[in-house]
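Colleague: Now for the letters of each chain:
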Amino acid sequence: MITLLNIEKVYQTKSIETVALQNVNLTVPKGEFLSIMGPSGCGKSTLLNIMGLLDIPSSGTVEIDGQLIRSYKDKELAHIRNKKIGFVFQSYHLVNDLSVLDNVELPLLYRSGISASERTKRARTALEKVGLSARTKHYPGQLSGGQRQRVAIARALAGEPEIILADEPTGNLDSVMGEEIMQILLDLNRQEGTTIVMVTHDENMALKTERLVRFFDGQQVSDSKVFDLQRV
Amino acid sequence: MIRHLFKLIWNRKGSNFLMIVEIFFSFIILFGVITLGIFFYQNYKKPLGFNYEHVLVLNVQAHDVPAAEKREGLEQIVNRLSAFEEVQHVAVGSENGPYSYNTWSTGLTRKNKEIISNMVVVQHDAFKEVLQLQMAEGRWFNESDAFSDAKPIIITRDAKNQLFGDEPAIGGKVSFGSTREKQNDVRTVIGVVEAYKPRGEMGEQSYSYFLRTSLADTSQQAHSTIYVRLKEGTPPVIEEALLDAAEAIGRGWTFNLRQMTDMRTTYLKQSLIPSSALFIVCVFLILNVALGLFGVLWQSINKRYSEIGLRRALGASAGDIYRQFMGEILVLATFGLILGFFFAVQLPILGLFGFTTATYLSAIAIAALLIYGLVLACALYPSRQAAAIHPAIALHEE
Amino acid sequence: MLKNYLKIAWKVLLRRKFFTFISLFGISFTLMVLMVVVSFADHLLGAHNPEIKSDRLLYVSRLKMTGNGSTLNTQPGYYFLDRFVKPLKTPENITIYAREYNFNAYVDNRKISMDLRFTDGNYWNVLDFNFLEGGPFGKADVEGINRVAVINESTRNNYFGEGTTAVGKYIEVDRTRYKVVGVVENVSATRIYTYADVWVPYTNIKEDLQEQKFGGSFEAILLARSPAEVQAVKEEFRNAVKDASIPGPDAATYTKVEVHADTLLEAFVRGISRAEGEINLLMFSMWVFLGMVFFMLLPTINLVNINISRIMERASEIGVRKAFGASSFTLVMQFLLENVILTLIGGALGLLMAQGVLKLINDSGVIANANLHLNPSIFMLSFFICLFFGVLSGVYPAYRMSKLPAVAALKGGIK
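Residue numbers (this note's numbering), protein chains in the order written: chain E, 29 to 260; chain P, 632 to 1029; chain W, 160 to 574.
Chain E extracted, bound-state conformation:
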């Protein structure tokens, strides 16, 4: 569960003050698949960063899994990110010089007390879930876009997070591959009960999720259950 209360984010430069988010109140219950839509620059990525503890709000509070984030100490935030949150990005962000398996192991490297064999085991399991167990020794450069995104998802899964934050995960993919990725995320949500927050530009993708929040100019403009939308 993620709870955002009165979140405001202001970017301050010498002369200009840019408001990226204003008065955002949003609760994502455990096990929900939420999608966020809005035009470019509406603040949705900033919101995702704040949820993922990659960015600090100017004011307001963030609660992850019932735990109020009081201190924004780098080390503690890093620990929470590592334990509870998995990230999937539009441009995959794979490390090109590491094999698929090594890429997937990455989050486990920043967790203490996991042996090398345990890391490999978990990474393999995660790759199995996305159907890539045959490609462990490949390098990102040898994979297609869809395969790369699946590796990225496996990497997010390897840490067994409660929450997955996906920033336009299908944005760089054609529709067939996009569907594939979407299906993996949906399965994950349904079968494992993972909370997923997905930023997307694609209305079709958004409609597959449970709830859709729209943003405009840093403010939340609508919040509806997809079920309702489809009825209307």
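These are calculated hints, taken from the structure and not from any lab test. Bear in mind the structure is a predicted one, so any value in this text is a computation, not a measurement. For every residue, glycine included, the Cβ atom is placed at its ideal position computed from N, Cα and C. Certain hints may be false.
Derived pair list, reagent style PhoX-like, types lysine-lysine, alpha-carbon separation capped at 20 Å [said to hold, decoys possible]:
(1) Lys149(E) <-> Lys638(P)
(2) Lys365(W) <-> Lys701(P)
(3) Lys176(W) <-> Lys934(P)
If you anchor each label on the Cβ, the simulated ranges turn out as follows [stated by the list, open to error]:
(4) Thr737(P) <-> Glu370(W): 24 to 30 Å
(5) Asp241(W) <-> Ala908(P): 37 to 43 Å
(6) Glu863(P) <-> Phe547(W): 56 to 62 Å
(7) Leu511(W) <-> Ile108(E): 54 to 60 Å
(8) Gln369(W) <-> Ser906(P): 43 to 49 Å
(9) Val817(P) <-> Ile211(W): 57 to 63 Å
(10) Thr225(W) <-> Lys782(P): 28 to 34 Å
(11) Ile211(W) <-> Ser713(P): 51 to 57 Å
With chain E fixed as given, assemble chains P and W onto it according to the hints.
Modeller: For chains P and W alone, kept in the frame of chain E given last:
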């Protein structure tokens, strides 16, 4: 994590190759310089064994003079110089005195041990006082030794340690030449001198032995260098008076008088200047590499912006990033050092250049530590920059 | 077009000041060291006064006798040179002189150290000294055992005082008074065959010149009629000494004598390599070349490394250029030009630094009468080394650059 870093560097070996090569060459250069440095330092640490201050060296050349006349003349000059109030001691000795550039080396053997040793012939007992040699054991020569059947010899402590080890040296027998030859000139050790390094402070030669002959002994060569110790505070003008006195006896002979302190200055200059030039050039080369590494590392952060952001998102703290970058350069250095070690270790294995294995090994260790220190220093600022990168920005940079 | 390139190159260098600084630091120091070494070599072996005709000069300065397991390395004696060098027909002129001896002179309670050289009259014809006052002594002075001397400028200043004249005055060296007949410009101590402070007729030497032995303390310089005849002179000398039999007491120990007429460079190489037989200058040049390459290796790799970094940083710029139709060739040429400009600037800095270092060496008095300086030929050589350095360190990075695919380059680079 270490394994992860090795994997990362290994997979990037293509683009890291040049850096590894640079580190390799830097290591080789440092290794060479440090080997020399250790060698010089070890020499420097050994005591000099004599006092060069207030010593004059008078070279006498008497060309077409009958041998007997030359012997007589030398003896007279020694007596005449000793009579000067400012002069403390005078002795005739072989030409290969300290800082003289003359060397006279022979083999010295005892049982199956052999050393190459510097040979010094003294013709007056005062030689010890002129150079202020210190006795470690036994005694210095006296007048009777010149014709003694016991054929006395005095060796330095280093020579004694090498030949006798822990056994007592006084009364022991040594002979000239190598172990392979038949030994007929057997000598009896009567004393051990604390130290004597005729090649000066940086010189390596610490094996020397002293023989005593008499100017009157026509079966032995008459040497032509007169060593003079002056009282402290004697002005240099005395040199002219000494030369006049010598000239008055050896008419038509050629005299050359030098202060040992001057000889020392020239000698040290000649040996230190090339070493210093070499040292400066090496420091430059290393500094050059350090600046280059710094630049390349700094640059590489820009290239790895998104990777840094990603790692932060996956749970790496700023400290983790900092340590990763420092760790990477250490691993990189290790690759270069492994390569360098492979080459450097050939020297002691093949016994090249004649330095001791211990010298080589400590040089390898020091050079490796210096390289690690150097690369860490180069990586410090770039790594800090990397750690300071804001993940949210790094991830959205396309 | 070229002007445009130059402008871009200049801007690029200014844009990345830190990288430009690192590059310049490495280039300038490397070239400085090279220039100092070259000018030192020139000082040691180049054609300078008094050895201005060095392409016609041959030196007989070492004599080696071997036999019965013993080796004696010495200078030739007067007897040897008189018998085997003086009668040679091919040389235009021959001089025989003794090595320098060091003496102290005492003037007003000051000690002056002087190097004295005993020479014949031909010495002044074979070699080209610059006389500041008076002139040389001649054959008659030598044969008459006259007490006359030629001194150098610094001895004049030390002995007689700054700004005075010396000709006609007397100088006392080795207990003997010599009348000064000429004053010459200083000769650096690196010119080991001609350097001295005082030159006097060799007949004044306190040594038995008629003693029958090959070794001694003399040397000879042979002047060939033309550079082309140098080989002929060598040949004649080789034949002359081929069957030389060792006289006197040395005959008991030594059976073979080896002596060569070498050019200045050959004599130098023989001195440092202790080589026997004729000197192989090709081998020597190869070693020098290898040494230079080894020294330049690290700075070059460093420069290549920095250059690659610089290129990768500009990957997107390169991508745009490619996308707009620039060929790989133009890009490579542009980059090479940029690098050559950088090395030339570095070379200019290195030249200034080298001037400073040479002045430092000259003033330090480490080498007596040293007069190290850069001359146009050293300058030209440095210029070519710069170009070579610039092209060498630019080629590989430029190759890497040309291989950058436009699309990847646009996206910010290849990892």
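Colleague: Against the earlier hints, flag every one the structure doesn't satisfy and list their numbers going up.
Modeller: none
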